[in-house]
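We have chain R already, so just place chain Z on it with the hints.
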Amino acid sequence: MSSFFKSEKVIVCAGSGGVGKTTIAACLGIGFARRGKRVLVLTIDPARRLASALGLDMNDLGSLVEVKVPGQSYKGELFASMIQPQAVFDEFVRQRASSAQAAEKLMRNSLYRQLVSSLSGSQEFTSLERLLSAVQSERYDIVILDTPPTQHAVDFLRAPERIYSLFQESVTKWFAAKSTESGGTVKTLLGKVVERGTHTALRALEKITGSAFVGELGEFFAAMADLQDQVSARSIEVHRLLTSEATSFVLVTGFDHSKLVEAKDFFVELKRGGYRLSGVIVNRSQPAWLELEPLQANLADRAHNLSVPHIERRFLQLYQELQGYYSLRKDTYLKFETGLKGEVAYCLMPELKEVVYGLEGLESMSSILETKMAWE
Amino acid sequence: MQQKIVLVTGKGGVGKSSVAAGLALKEARKGRRVLLAELGERSYFSELLPSGPMEISYQAKAIESGLELVKWDGESCLKEYLFHYIPIRRVVDLFFENPVMKALVQAAPALKELAILGKATSGKRNVGPAFDYDVVVVDSYATGHFQALVRAPQGMAEAIGFGPMGEQSRSIERWICDPEFCQIVIVALPEELPVVEALELSESVQADLGQKVEFVLNKVWPKTWRAEDIQALGRLQSLEWPQGLSDFREVLAQSLGQQCQYLDQLSTRGRVHSLPWLLEPSSWGLLKSLSQQLEDL
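Protein chains in written order, with this note's numbering: chain R, 4 to 379; chain Z, 4 to 300.
Chain Z on its own, in the form it takes in the complex:
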């Protein structure tokens, strides 16, 4: 089977991690070997795992049959990359202990971002340790940082031109621009700001990578409400209703209308998948139920 990577992004707080986990669980259920990769300093999933809290780091850990979880930080990715070129552990360690290089790695533009995408595409490019997953789902950064991430290879290629890293950057860029290999999923909520941000991001992804995106509209009202249902709701006898119930009727009718509008807006720029709001606290069970709803993505 052809390897595939999925980059999941969206505005902060829209549920990127839940969607990423849902996707990974769905693929694993189909019998594929799946890697779910978190970026950033802290693991979102470590507290939610079915087997109890677990330290998640650069070494992938099996958490379910067919599913491994890993946390990629820029420095570890860079370290592995360096080791690929200079297979002498002592030199690599020296590099990362050196204060000058430490400062450089921390702040140098796009170096860490490049290393992360380098890792995600390492299977296709045949570099580094074995990376034989069928599907890699990356629970990626929120909008602004995500743009910096996907622009890193091109920016680096332009900045350094020739040399091994210039070549690497160009090859990474080619792979993330390949729609057969790399899929970009933007998560939004049925609210104005996340939807606007998702639409703008889809345009910039199109411009930067020439890629079409897919959207997930998370937390839509559960069950289908047709127009006539909403009308019927308006006709209900409400004399004995407490204020909260009357207010909720108004809010529900209004937000169901907006929800349709957002679905239409998003569908002008890519396929949209709706995920119902399950009204329960985050747990592994919740992520599993979400994965059932993502069958067609």
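Same shape as in the complex, but just chain R:
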């Protein structure tokens, strides 16, 4: 088994919803802080208990603040921040629009307000934007990004494309020209040819949505056109950062067939996209308290011996059923592990007996994870 980390500056924790990415991201943060690093963990929509363990205030909605996690004593330092899509988007617009008026105009557009609060791609876009600014601030040795909840791990890689495609030259230019047409924009012949199809499409759009919507859309894109160069420059920077040697992905997954199949797909997708995967953490695998060795013969007999008290029989049977259930899952996992052919590091993080409370809880979970990862 190879080791997880080399000398990364960025770790992206990816995985589908509900596998425990945010908790794992926090544990990795603790691990790096213990090793003397100055670490920032960027979390998205953490559960209240986890947020408070990290010293984050859930009510502090509009903020981009990075807090030093209270109660820590590490060789390094641990910081945490919550990504608020709307705040990140607004900040981006304010900083990068050509003028304060242009920024205001965009932020007042009702489609813009919906875009930043709706979830199709904007969370992914803003989390990458937030990651890039944190890295470029050079305040941290390492930044760990917890990714937004998606149905599948690969959705995270695809989602930003949707936002970027909105800023494509053809799109913004077309709508921008549309909205200034009455102002007498001179169009090239080529432009007219390209647009002919779009005119038909636009008439179709107008028919189903109404002219008010198309008008609003025109304004939205006209305002967006102002940001277009900035967005495409940033998207190139983000892509460069994600595919650089300094960045690697950690895939957090679950202990069942569908999650493992998905992990494998993600692995392939990452490779194809030129990203680096440092390892796979199979979270909440076989519980730490469950032993898979079959019960001794006398106990196994008691499970079905009618002279044994009912509750004891039931308890022993349940234990055996659990053993069977987890044995099957373990077999599935072993096949998956063989399939990795030692290409990446992997570890099994057991399901824990105790619920994780406070920073102390995270620290003890982190210690277990570090052992399982054989992290030196």
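In case anyone wonders, no lab produced these hints; they're calculated from the structure. There may be inaccurate statements among the hints.
Using 25 Å as the maximum straight-line C-alpha spacing, the simulated BS3-like pairs for lysine-lysine come out as follows [said to hold, decoys possible]:
| id | chain 1 | residue 1 | chain 2 | residue 2 |
| --- | --- | --- | --- | --- |
| 1 | Z | K82 | R | K210 |
| 2 | R | K210 | Z | K127 |
| 3 | Z | K226 | R | K356 |
| 4 | Z | K7 | Z | K127 |
Covered by chain Z, per the in silico footprint, the following chain R stretches (three or more residues, Cβ under 8 Å) [what the hints assert, rightly or not]:
| id | region |
| --- | --- |
| 5 | 44–56 |
| 6 | 108–119 |
| 7 | 253–265 |
| 8 | 293–301 |
| 9 | 304–315 |
| 10 | 320–326 |
Ideal placement from N, C-alpha and C gives every residue a C-beta, glycine not left out.
Coordinates of chain Z only, in the frame set by chain R:
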């Protein structure tokens, strides 16, 4: 019979799909015509079907007597919607091939979400192709995206005001706010995070749609354990037990206690249905057994 739709949601990984399938199977068993609709890019059920793997797409397929399975993606729903207004295939195709519109459809806020809810309510609103199911169960998105889904009609109505789509948005919103027609089921596990998320979601659904929800607490410990059973468990002779067994006794007693607490918490905000943890791998048979346990939902 009155048509009814059920939207199933909850935190990621709680078993939304299994519960949705269980509900659909239950209704089909009663002799109703049922549609089970998946959202998202990949079909969860395509590998589990009793007749072997099957490609699941926008065209509904019969998988059991009375039960059809479909996968709705925003773009296909939008396409159908567009075709309803402009019944010229060429124009509709042109619209979706156009790069400008493609980008717009991909990223425009709430457009796809609106189209999906538009499809789910199309029977009631008498738009689009025939949609004559008695029950439509939608295996919907996880919490955050689900909120975006149900807020889409109102948001769109506010953003565009008048025009055909504004009208559509308002009518879709009316229907999903109607408790006689649309039922919302939130799935949780007997663990802290999914329960907290379910409670918070139920509050936001109440605020957004004025709807009460029903909860399904999935994977509760099988069989009933009364308080005296747990006490009896504590008194068992355990000298010859391996460590795993002693640990399990502790874990079981603790989590049975928590389970009761979660049931109480959830029941303050809606009816709760428990589903036992069946301790077997996902299969069509498992979904059928689950459906037996959902009789009263």
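The hints, checked one at a time:
1. Z:K82 to R:K210: Given pair Z:K82, R:K210 holds - Cα atoms ~13 Å apart, limit 25 Å.
2. R:K210 to Z:K127: holds (22 Å)
3. Z:K226 to R:K356: Distance ~21 Å between Z:K226 and R:K356 Cα, so the pair holds.
4. Z:K7 to Z:K127: holds (9 Å)
5. 44–56: Three-residue rule met by the region 44–56 of chain R, so holds; n is 4.
6. 108–119: Three-residue rule met by the region 108–119 of chain R, so holds; n is 4.
7. 253–265: n = 4 at 8 Å, threshold three: holds.
8. 293–301: It holds: at least three residues are needed, and the region 293–301 of chain R offers 6 whose Cβ sits within less than 8 Å of chain Z.
9. 304–315: Holds: 3 residues of the region 304–315 of chain R have a Cβ under 8 Å from chain Z.
10. 320–326: It holds, with 4 qualifying residues against the three required.
When each numbered hint is compared with the structure, no violation occurs for any of them.
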